[in-house]
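Chains E and R supply the protein sequences, listed in that same order. So for the first sequence, my numbering puts the first residue at 646; every next one is plus one. So for the second sequence, my numbering puts the first residue at 646; every next one is plus one.
To be clear, the hints were calculated from the coordinates, so they are not data collected in a lab. Treat the numbers as computed from the prediction; the structure is a model and nothing was measured. There is no bait here: all hints are sound.
Identical copies carry no separate label here, and so any pair may be met within one copy or between two of them.
List time: in silico DSBU-like cross-link candidates among lysine-lysine, alpha-carbon distance up to 35 Å:
| no. | residue 1 | residue 2 |
| --- | --- | --- |
| 1 | K762 | K921 |
| 2 | K898 | K776 |
| 3 | K898 | K881 |
| 4 | K667 | K847 |
| 5 | K846 | K723 |
Protein chains: 2
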Amino acid sequence: MLDLWLKEAQIDDVALTYKIEKTLIRKQTKYQDLAIVETKRFGRMLLLDGIVQTTIMDEFIYHEMITHIPLFAHKNPKRVLVVGGGDGGAVREILKHSNIDKVVLCEIDEDVIKYSKEFLPEISCALDNPKCEIFIGDGLNYVIEHKNEFDVIVVDSTDPFSVGENLFGGSFYKAIFECLKEDGIFIAQTETPFLLPDLVKKIYKDVEIAFPIAKIFLAGIPTYPTGFWSFTVGSKKYDPSKFSKSEVPFPTKYYNKELHEACFVLPQYIKDLINK
Amino acid sequence: MLDLWLKEAQIDDVALTYKIEKTLIRKQTKYQDLAIVETKRFGRMLLLDGIVQTTIMDEFIYHEMITHIPLFAHKNPKRVLVVGGGDGGAVREILKHSNIDKVVLCEIDEDVIKYSKEFLPEISCALDNPKCEIFIGDGLNYVIEHKNEFDVIVVDSTDPFSVGENLFGGSFYKAIFECLKEDGIFIAQTETPFLLPDLVKKIYKDVEIAFPIAKIFLAGIPTYPTGFWSFTVGSKKYDPSKFSKSEVPFPTKYYNKELHEACFVLPQYIKDLINK
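Generate coordinates for the entire structure from the input sequences, incorporating the hints supplied.
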């Protein structure tokens, strides 16, 4: 029997390996090496440049936390920008909020959208929603060209070691600040604090310079290295760690109202890291 | 160059792999296959039957959380029993509490103690403390033979698939209840809720039958499968999720006062799992 395994070596000297059934698609796109494989344990899995982006089994954690935290911290969000996120998972969660009028998805690589629609319909299902506008292009340029337009900006990027590189750093966060309305909130996925403490600290400090309020929260994501992932939030007005509604009006699988506040309570080593 | 990797296949179809420098000790003890290896990323690592037990780099998370949660929830703990935990990490943390008069370590496999003392001195350093009494023997028998003796019992066992098997289940928790004083608290490491939901639920339900108060909390442990680990607490009187002191009187690296309460706030899928 063919015993196929996928090895993800995102971090030197430690790797997550997955038994796979088959490779559904593998393509060198204009920007990256895209693959979707069928794993035994996590279902279908999207990889970009060999790094796990999302899987059918655990995608709910990442997509709920990167969207519901800023959207339930903001008092009345109407317009949302997603930078990256071509798989559509963030858009799907955002459109569960009935107050949202429009989501713009700015994805540089149209093949991510194309193959997510074909092979990951559970994740990409909302990309055809009339409230979703898809723009194929560079996230940094889009943000620079649009001022004072969005209530929430979700940076659902790859890691800073690949095509997502210019979606990290002080000048990007400054542009994000300008692109947001006066009470806007921005969120980004920001890597593993255990294995990449210097990176997590640098991102936090950069966001702290660009925004009056900067906070980090954590979520347990099985298919990301160490399983304990950070998100950094920059906010102009609202405290991102406060749930601003009375109830969550739709079912969720990871996020809930109590967790909204609790996930911002940091383990001591992470608190020490960003307060140094 | 010799490219040595260790593969931990605790869970079917997914594995954590570590680049290693060398194997420091490998021995078939009376009970299990013991190994201590030097990894590149996590430092020295103890394995029992091929399963990662602890590493120099991330052991602080597990050992702080399995001890400080019950010890700071209890109003005045004096006597503590550790079942398993032959590496000594739990004893080291327990003895940071100046009110503790005595810790009994009941470990079935004396080789775990012997080789932890030899190769993991940072972890085992408190095993020679005069307040620590070491008893080599079966944990279940010890618990049955001692009634109403301990304020806190820490079950720092291997998984229920190996020598630790009889340290899980309703009859063990009932014996634990009897072994505790009238306001005692018990804690156990209880696996990954994401990959082993049925097991986590069963343990919780068994503890809920044996104790008036049962709660689960989570911690991010990089070297355990999925990185998001559950601990189950059974308590006779005190709410385990409440920090009962004013301050933490010694430095910690993961645990802190605010996290004491926040770590009990569960993601929705785990809340749903145990409330079903």
